[in-house]
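K.L.:
Note that the protein sequences, when read in sequence, are chains A and B. According to our numbering, the first sequence is numbered sequentially starting from 610. According to our numbering, the second sequence is numbered sequentially starting from 850.
Wrong hints could be hidden among the right ones.
[Unchecked claim] Heads up, simulated DSS-like pairs for lysine-lysine below, C-alpha to C-alpha not over 27 angstroms straight-line: (1) Lys1008(A) with Lys1053(A); (2) Lys1044(A) with Lys997(A); (3) Lys1061(A) with Lys781(A); (4) Lys891(B) with Lys668(A); (5) Lys1097(A) with Lys1195(A); (6) Lys1117(B) with Lys1061(A).
Source of the hints: derived by calculation from the structure; they are not laboratory data. Values in this document were obtained by computation on a predicted structure and should not be read as measured data.
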Amino acid sequence: MGAHPHVGAGVLRNEDPQLLTGRAIFVDDVHLAGTLHAAFLRSDFAHGRLLSVDTSAAKRREGVIAVYTAEDLGDYWCHGPLLVPPPPIAGLTFNTATLVPLARDRVVHVGEPIAVVVAESRYIAEDALEDIVVDIEPLPVVVGLEEALAPDSPVIHEALGTNVAAHVVQQKGDYEAARGDAHTVVSRKFSYDRGVAGAIENRGILADWNARNEELTVWDTTQAPIPIRNGLAERLGLLQSQVRVVAPFLGGGFGPKMMMFYPEELLIPWISMRLERPVKWIEDRAESFFATTNERLQLHEAELAVDSEGRILGVKDVFLHDSGAYDPYGITVPINTQCTLLGPYRVPNYYSEFTAVFTNKTIVTPVRGAGRQHGVFVMERLLDFAAKELGIDRVEIRKRNFLTPDEFPHDHEILFQDSAPLVYDSGDYLPAMEKAAEMIGYRKFLDEEQPKARAEGRRLGLGIVSYVEGTGIGPYEGARVSVEPSGKVQLATGVGTQGQGHFTTFAQIVADQLGVDVTDVHVVTGDTREFSWGTGTFASRGIVVAGSACHEAAIVVRKRILSVASEALEAAEDDLELADGVVRVKGSDLSISLGELAVRANPLRGAVAAGAEPGLEATSYFGPARGTTASGVHAMIVEIDPETLEVSIQRYVVVHDCGRLVNPVIVDGQIHGGVAHGIGNAFFEELVYDDQGQLLNASFMDYLLPTATDVPHMEVAHVETPSPLNPLGVKGVGEAGAIPVGALYAQALEDALQGAVEIREIPLSPGRLFDLVQDAEADS
Amino acid sequence: MRVLMPDTLEEAYGMLAAEPLTPVAGGTDLLAHWPGNHDARKRAYLDLSGVSGLRFMHWGDEALTLGGLTTYSDVIWDSRVVEEFPLLADAGGQVGSIQIQARGTWAGNIANGSPAADGVPVLMAYDAVVVLGSEEGDQEVLLADFYLGYKKMRLRAHQLIRAIRLPRREYDFQRFVKVGARNAQAITKIGVALTRSEERWRVVVNSMAPTVRRCPALEAMLDEDRPVSGPEDLLTAIREDLAPIDDIRSTAAYREKTLARVLYFDLKGVCPSFA
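Let the hints inform the model, and build the full structure from the sequences given.
P.N.:
Quick look at the structure:
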């Protein structure tokens, strides 16, 4: 089938009627008779010795069924798994400290669970939390990254004897030699902080142990139901087939809902098995700030060596990364920083060294972008400063350093987060930059609009930055496609779904092969009973890996359809065409519907030949050797209010390249959401900790997400450079929008302030801009 | 936790006289602070939502009176109020979200005593009078005299804010400016309500002192037409009138200087003494 009527079309989303009319099922919508409700007692201290927990009064409260502490867990108490072991990098130091289900001797961050109450209602459970008497002897708290490494710093994990979670050096070429040859070296310190994912739905778990069937069903807000099923089976001593994990619709994932094996995720099923009743826990927003992972600060000392024309000779970057209290996700976030810093540029020499440190704060794991923001910020800022120093236009310096299409595949000679070499598969960066510059009106703005505005006392500034995003990593995903007797198609995959539009994009891919309407492909995701193999939705990999598996399975089913139809219609397969739900002999009226073929393929009489299978069904898997590299350019024009230093975005332009587009409307939606996250990161959101590790703004009253009034209309255009690594030519897009926004804000605000300040930090705010301006005025 | 639910004002007064109770109107402040406020769970509450006759807007010849349960929305959607007391709508429309505006009450905003209250500056700039009711009868306090310190006010345990009275005057200048950390649903970092009636200025600022308060030094500068050639000329009076702090929402320096800029640029075309 040469033409693809569905892939590439902005068809409406199959899932929207359900979502928009409130009929979609989320974890908290699942109500089972006899459900008990859990609430967690959490540490008020960031670091302390847990001396005693007295639960006797709580147990006496009417309606309380059980109260558990670490002591009550017996053998079930153990450290959780190391979820992502670090890549095999020479000389790497990695110290692992993984989560515990309930704190036993020590608490290491505010919000770490200490006890869990199970009661007839959540109200009773919460009241009973106040009956528990906890004695904690506070210990000195580790908050700052540099302080964590000081010789006299308290040590969080005594067994490790250090607060170093990881130390990694990756290099390519010889940076010091390149530096010696440089015309100009730009050196700066940067700080880049991030925050919570802010998913509209918090986490939640409902576990139901059916003692008669000996089956455990767990509804879980996870992005990775299959790994959770596997892990729970192992921990609970059950067969994988005895455990069903369902991730229904999720109100946003963004990373923190990956295969985390959170304490609550391990405990609620265990409790359900002990009490032989369904048990539910739904996280509340205040809890979420402490109990759900987030992303935070990195401190960079970086330099860029360039020749007189602004061509990059080398980059050196040494940084500290905040791991929080545990490091179950290995070095995924800082290695993403390390690998993404290189961007779309030709960097012949690179030295990158990071130290990840433990602190007494909530655990850091990937949040949309997953450390890539930090790297992009450092590189883009260095290029801006180099351009300024050399008197080169900022668009021009980027153009001079872009990799060109003939340089792909491009090997950066370091390892990526998936342990595969960091090799860019394809890309074409110059056209995207030119298009973005044209769309934003780059020259006209600088030559006419900005000077005119300045003459009127208005402060307008423009930013334009580039980035890449490694997407679509392995190991693999699978899909099962089957044509039912109704002629409708069922498609099951193992990935979970959190709003990405899988019910539509996967359906589009299959519909193209089978010649059916997109609405006739019924997609099932996130239910381990429906599909048993795979990993999950994260790392911008859904469309690349699961989408390709859907494609492969659909091709096999297509062949079977043609084979069965060939027999039924007594025509050669080459003479058949699939369209509109029927197989037709080309140039004739002779046809048979897919439904009839499905019935024929599953006969009630006769025999299925040896080696053959019944039905029009196939399961296929797709595992890419390595990830595919998406890219983009963002540009914006901002205005700064001179009275308040509030910033308003006048224009926002995105030119993005995620290879072939399966559904441009959904891709644009992903970018819009990503940019909104990026705007929050750049200008509104900051987790403010005091010196005792207490989070001071743990509510949406003081932790500000951007609202609809802060997120501008976006003008989005696409460049489509297909990936050679998968049959669809697609690249991931889930995180892209969020990645360059901090770098973009910094450049645009600097421009608006006419170079009065140099911005080397994110997040910003009117107050922070005010301080920077004051400091600059005091210096001059 | 106990909640008492009176049907009439008399019943409510009786309950308040009998034991210490925390009155609840819209509950919007109570709810926002509930998760971390353990003491709040041990208190007893007086839920006023069922009390009849407390939600009204009454126009007299001399004054507009708002009831103790009158919400922001009641005012925002009333065209007569918008015309005669436009700052009430300006400020009310910037309180929280639509949902908060529908539940939150003006009296609750006063009684909660937050220095960042958005409803209070405009009421104060209109010389509002707080009518406190109890079994002993009504007592009236000028809102500008109502606050004694952070969360301290002239409201005794047995009293309720029964009504708020706003004198009807001709104003030739009225403005409310809120500087928050984002465009909507943000707690105020700097807020200022300005009115001028019969040559007399009212300058009321929130989020820059332990209470919302009038600024006598700034008012005197304006009343006496003292020359102001730039924002910095206002800083002395701002520092005299106010005492901003550094907190997670902003810094004292940002608050002082930004208030000076807001005042200067907003009044430049209005006050001839501003150069």
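K.L.:
Among the hints numbered above, which are violated by the structure, and what are their numbers in rising order?
P.N.:
3
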